[in-house]
Amino acid sequence: MSQNEQTGSDQLSEEASEELIHRIGKLTRMLRENMRELGLDKEIEKAAEAIPDARDRLHYVAAMTEQAAERALNAIDRAQPMQDELTERAEALDKRWAEWFDAPKELDEAKALVNDTRGYLNDVPDMTAATGKELLEIMMAQDFQDLTGQVIKKMMDVIREIEHQLVQVLIDNVPEAQARETMQRKAEDQWKHDTARRNEELLNGPQVKEDVPDTVSDQDQVDDLLDELGF
Amino acid sequence: MADKNMSFLVVDDFPTMRRIVRSLLKELGFTNVEEAEDGQDALNKLRAGSFEFVVSDWNMPNLDGLEMLKEMRQDDALKELPVLMVTAEAKKENIIAAAQAGANGYVVKPFTAATLEEKLNKIFEKMGK
Chain A
1 MSQNEQTGSD QLSEEASEEL IHRIGKLTRM LRENMRELGL DKEIEKAAEA
51 IPDARDRLHY VAAMTEQAAE RALNAIDRAQ PMQDELTERA EALDKRWAEW
101 FDAPKELDEA KALVNDTRGY LNDVPDMTAA TGKELLEIMM AQDFQDLTGQ
151 VIKKMMDVIR EIEHQLVQVL IDNVPEAQAR ETMQRKAEDQ WKHDTARRNE
201 ELLNGPQVKE DVPDTVSDQD QVDDLLDELG F
Chain B
1 MADKNMSFLV VDDFPTMRRI VRSLLKELGF TNVEEAEDGQ DALNKLRAGS
51 FEFVVSDWNM PNLDGLEMLK EMRQDDALKE LPVLMVTAEA KKENIIAAAQ
101 AGANGYVVKP FTAATLEEKL NKIFEKMGK
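Chains as they are written, first to last, in the UniProt record's numbering: chain A, 1 to 231; chain B, 1 to 129.
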């Protein structure tokens, strides 16, 4: 591309972007005025209030997934050396047994080999039990999937709500009456498919923040409350 | 000591959590475990089969755990069946509502293997098994 053409296209895109900014500005102003007229600004405010809550939820998801990954990796770090030790000791014993079978040696040496083998066999169940405990820990760490999943579903509700409000603002601003009606019908059809809102008072999902009033933070508090109530 | 052949129904909409609970029960020696993905699915399975213990989540689509519990307590065939709630719902009013609806125990997520075992044993003791 020559120097001239380069400058030319730069100028063109500068003009285009100026035009774009101008149009977005105009659209924003028009939307704001219309929203106020229609009382939609209150709805938008409601949606905007949900955003800090969504931020807390995202933070919770990030913290939970990090914690789960760390729990699993730590358990693996603890289990791996035990597995390695089991392998090394078995290989060493097997080697000694092979040598003994090739050329049987003194009775004393054979006795030591038998004792070492018994010692190893005795240690194996303890070490596999310890490894099993770490496997269980890795499994329990996966509970984040349920907890974060519930939080993400809640956030999707918020996003859907915001989307509805924005689409409604756009529909209300379509100048042609017939087109507006068609769009409204289409949107309503689509929204009907979204899950109906349930009684949400008792459906809050995991607590994403600490020290929320009237909320328990661990199992002991659950047990205390049930005891207090005589259950 | 509870009968190791006791039949369990694990109710949760998240497959991961069903697997975790199932594995924990296996760890405790209970291998007779089936799964349901929501309250309605659970009620159908409970009415069709002969389960002896229910471990249920609360927040589920179609029919949630509390509604399922209420329906169970209305049903002559299911009203005595022990139900352990295992849920992330941690509001005091949730715990009270579950207890009033007839839950036999309440475990809040995230939970440990030891907590689940302790609550199960407590219910077994009360059942006299």
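Worth flagging that the hints you see were computed from the coordinates, not collected in a lab. Incorrect hints may appear among the rest.
Below, simulated PhoX-like cross-link-like pairs (lysine-lysine); rule was C-alpha separation at most 20 Å, straight line [said to hold, decoys possible]: (1) A/K154 - A/K105; (2) B/K91 - A/K209; (3) A/K153 - B/K70; (4) A/K46 - A/K133; (5) B/K126 - B/K91; (6) B/K26 - A/K133; (7) A/K95 - A/K105; (8) A/K154 - B/K26; (9) B/K79 - B/K45; (10) B/K126 - B/K92; (11) B/K92 - A/K209; (12) A/K46 - A/K154; (13) A/K154 - A/K209.
We went through each hint and held it up to the structure:
1. A/K154 - A/K105: Violated: A/K154 and A/K105 sit about 73 Å apart, past 20 Å.
2. B/K91 - A/K209: 12 Å, holds
3. A/K153 - B/K70: Measuring from Cα to Cα gives roughly 25 Å; hence the hint is violated.
4. A/K46 - A/K133: Not satisfied, since the Cα-Cα distance of roughly 48 Å exceeds 20 Å.
5. B/K126 - B/K91: 26 Å, violated
6. B/K26 - A/K133: 14 Å, holds
7. A/K95 - A/K105: With a Cα-Cα distance of about 14 Å, the restraint between A/K95 and A/K105 holds, given a limit of 20 Å.
8. A/K154 - B/K26: Roughly 32 Å separates the two Cα atoms, so the pair is violated.
9. B/K79 - B/K45: Between B/K79 and B/K45 the Cα gap is close to 15 Å, so the pair holds against 20 Å.
10. B/K126 - B/K92: 24 Å, violated
11. B/K92 - A/K209: Within the cut-off at roughly 15 Å; holds.
12. A/K46 - A/K154: Within the cut-off at roughly 16 Å; holds.
13. A/K154 - A/K209: OK: A/K154 and A/K209 at ~15 Å, within 20 Å.
Consistency with the previously given hints fails for numbers 1, 3, 4, 5, 8 and 10, ordered from lowest to highest.
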